[in-house]
Amino acid sequence: MDIITEIPKEEYVLKCSSACAGCSDSLALRYVLKAAGPDTVLVVPACCTSVTQGIYPNTAFNIPVYNIAFGAAAACASGMSNAFRATGKKTNVIVYAGDGGTLDIGLQALSGAFERGTDFLYICYDNEAYGNTGMQRSGGTPMGARTTTTPTGKTDAKKDIDAIIAAHDPPYMATACSSYPQDLFKKVQTALTFRGPTFIHVLAPCPPGWRYPTEKSVEMGKLAVKSGMWVLYEREYGKLSINPQSKAAMKNPIPLEEYLAPQGRFGGINAKTLEMLRQHLAKNIKKLAAEEAEE
Amino acid sequence: MKKIATGNKAVAEAVKQVQPVVIAVYPITPQTEIVEQIAEFVSTGELKSRYIPVESEHSAMAACIGASITGIRTFTATSSHGLLYMHEMTNWAAGARLPIVMANVNRSIGPGWNIWAEHTDAMQERDTGWLQVYVSTVQEAYDATLMAFRIAEHNDVLLPVMVNLDGFSLSHIMQPLDTVEIGDFIPPMHLPHAIDPTHPAGYGGLTGPDQHFKFRWDIERSMRDSVKVIEATEKDFAQRFGRKYGFTEDYLCEDADVVVVSMGTLGKEAEVAIDMLRKEGIRAGSMRLRWLRPFPKPDLKGKEVVVIDRDYSFGFGGILAKSVQARQKTDVYSVIAGLGGQEVTYEDIADFIRKRRMGEEYWFGVNDHV
Amino acid sequence: MTMYEIRIHSRGGEGGVTAARLLALSAIHDGKYATACPFYGAERRGAPIVSFVRIDDKPIKIYSQIKKPDMVVVIDASVMDVVDVLQGLKRGGKVLVNSTHKIEFAGFSSSHVDLTGIALKENLVVAGSPILDTAVIGALAKMGIITAGSGKMAIREMFTDERNVRAAEAAYREMSA
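Protein chains in written order, with the working numbering: chain A, 134 to 428; chain B, 702 to 1071; chain C, 16 to 192.
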């Protein structure tokens, strides 16, 4: 399998998209499309990307983009992929969806598409809230985070979509982060070499949602990984490999506070919630480390 | 108490007055401020409801149904695609005879994604058995939401009620709002068929061809009975709080030669067009339709009727125009305007009236008389 | 009084929508009728946005966009590079710009006030952006659109931080016609 180690210069995300300054979703998409190349259809449900595309009659993405209803992305992709493969086309079908359309309203369709072994790549870029509609809480919002519908901090934990996807036994899945573009690029390329459902969960820090200055998006993602709050790993046929950046973070994590403090959404988080986050983080790291050691 | 509020905030304020026990709701532009305001009221304790941040609109209505059948007050809000996603369950809510109140912020339907005002979303619910009212000011959004609970819960009705407000044009506009001390305006809720483990029963189970039609007739009978309930509720509201509402809001219709019929904010802005036309010597009037279901019997005898539809039924016509035409048994001039938030000003409305051609349909911005 | 129509130009995240609401609320406290509305494109930081305010002695029944404003307020002068802020402005109309110096607009009466400087001095900054919507209320009061008393009442109703009132007072003092 030929995997390009040099990132192509061609841009598929054109200038003058409608993204906010500091948008991680757009940063990630640039590398996703560089990895996928032009024989690609992006299936986009209601999410930030359906806005960053821009307004008719223009589109900011230089590949076909199929917009679809909020909860229907994976089902739509399922139909599209089956149609392409039935007619001998190798076109990449990639869902590019937010956490809302993946963890919440889109979960049924996602589960169905994976259970049926659909040949497509599902990328969830996760800004941990409903960004498109103004930052209301989603199942992906972490505990303690303030959103417009959790004004005093979310009391429920972040839904573990990766565990849900893993339970469907896909041939390949991975986590990634917009702050590590080469890693994301490689993972997209890898995913596209598999036939069947593949999944990449991309952490996408969001300046208006997480409440930090727009120029700090890349730094925010790195803090997430360095603190262990976000772990970079891959599973090939279920076998876990933790990526070097996270292995290093697991050995020598930065304090969780360093990641949370610069974000306005965690402002005023109480000690009890902070402790729960810390414990959950530790448990997760321990579980992943143990699993990798076993293999 | 005098405040200033957006249409969305006014709805949330009314909900705060009513204190539903359960609120299950999912955000969608341009309804989001209702959800956010409710979440804030709940977090400060001003609203003692259980707020369920459901994962989709289908689930929002399903959750409201589950809550309502226990005999408590419930509320939700949505718009456009959210409403359409709920459609199976809005049907269910009416069939289950549940007095659920829902605010719908009228927004167009994609593709392409368009977040601005259009009535087609709620129009597509017109056959479900839901009562529907369309408001045109922030004050009316507040008042209608309060009245909706009382109307829905009246034992002659026991059907869900939808309060419609134009996306952005009303949901996001700030106007003065006078909130009231509700007192005993809304009597305590009594749902005769509420779940009661001491009187076990099956709910909504298998119903054969020899029975099912009776339940459908029952819905229609209550829909007809709701007319009196609406009238009595609006009368009582006027007596207590000083603001009068009816099935229509008529402006200078009595001596009018031509009347423009419309809904929502267009129906309010039409009054400015009427003033303009009257100065030109044209005896025009505006009839703003408030209740879509039950559909009223407007008195338009002897007048030429211009109907503005902020909606369309493909292959048929403007839904309001066709409805008025059927009721009046007369030709109307059907104007299709305002779709997807298309700008329609009082000058445009005046022009529709000046240039009317009875029996024809005119798509504003598309062509000159189809 | 015939209806007075004001169009406010700003960028997303700077408080243009809030300024419109504060202005409407102030006018209502002055005993007038007022409506405020934003024109939304996609909600995003940094994009040029427009808000509208109508003030009248009788209830306002118009919802459509203001085509011929009596006054234009430019909260972020940089939008003037991409937007024609004077479009439709009535002859003899007023322009108020957030600026350190006077900007001439041929045919219109122009005023300026350094809202940004005032906001920074009061440390009214959120997520890196100075808050300009409360300061501008002071300038509008100086221009006679609303009374200073109502402006302060409106600010205090919407905000607990008294710096907002001080910023408005500073704008009132510093504004030059």
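Quick caveat, the hints were computed from the structure, so don't treat them as lab data.
Just so we're clear, the structure is a prediction, and the values are computed from it rather than from any experiment.
Every residue, glycine too, gets a C-beta built ideally from N, C-alpha and C.
Errors might be hidden in some of the hints.
Said to hold, decoys possible - The following residues of chain B were derived to be distant from chain C, with all beta-carbon distances above 12 Å:
1) D867
2) G903
3) K969
4) E972
5) V1045
What the hints assert, rightly or not - Partial chain C-side listing against chain A, Cβ under 10 Å, derived:
6) G27
7) G28
8) P63
9) A92
10) V94
11) G143
As the list claims (entries may be wrong) - Cut-off 25 Å, straight-line C-alpha distance, at most; resulting in silico cross-link-like pairs (SDA-like, lysine to any residue):
12) K105/C to V140/C
13) K73/C to T829/B
14) K359/A to L389/A
15) K704/B to P284/A
16) K82/C to E981/B
Hints, verified against the model:
With 12 Å as the threshold on Cβ separation, the claim that D867/B sits away from chain C is violated: the shortest Cβ distance comes to roughly 8 Å. The Cβ of G903/B lies farther than 12 Å from every Cβ of chain C, with a closest approach of about 47 Å, so its non-interface assignment holds. Interface exclusion of K969/B from chain C breaks down, the closest Cβ pair being 5 Å apart, not more than 12 Å. With a minimum CB-CB distance of about 5 Å to chain C, E972/B fails to clear the 12 Å threshold, and the non-interface call is violated.
The beta carbon of V1045/B is not kept farther than 12 Å from every beta carbon of chain C, the shortest such distance being approximately 7 Å. A distance limit of 10 Å between C-beta atoms decides the matter here; for G27/C the minimum to chain A is near 8 Å, and the interface restraint holds. With a cut of 10 Å, the hint placing G28/C at the interface with chain A holds, because the nearest CB-to-CB distance is about 7 Å. The interface hint given for P63/C is violated, since its Cβ lies 12 Å from the closest Cβ of chain A, which is over the 10 Å cut-off.
For A92/C, the shortest C-beta to C-beta distance to chain A is roughly 18 Å, which exceeds 10 Å, and the interface hint is violated. Checking V94/C against chain A by beta carbon gives a least distance of about 15 Å; that is not within 10 Å, so the hint is violated. Checking G143/C against chain A by beta carbon gives a least distance of about 4 Å; that is within 10 Å, so the hint holds. Straight-line distance between C-alpha atoms of K105/C and V140/C comes to about 34 Å, which puts the hinted pair past the 25 Å bound.
Note on K73/C and T829/B: the hinted pairing is violated, with a Cα-Cα distance of about 39 Å set against a maximum of 25 Å. A distance of roughly 9 Å separates the Cα atoms of K359/A and L389/A; the hinted pair therefore holds under the 25 Å criterion. Restraint check: the Cα-Cα separation between K704/B and P284/A comes to about 23 Å, which is no more than 25 Å; the hinted pair holds. This hinted pair checks out: K82/C and E981/B have alpha carbons roughly 22 Å apart, not beyond 25 Å.
Checked against the numbered hints listed earlier, the structure breaks hints 1, 3, 4, 5, 8, 9, 10, 12 and 13; every other hint is satisfied.
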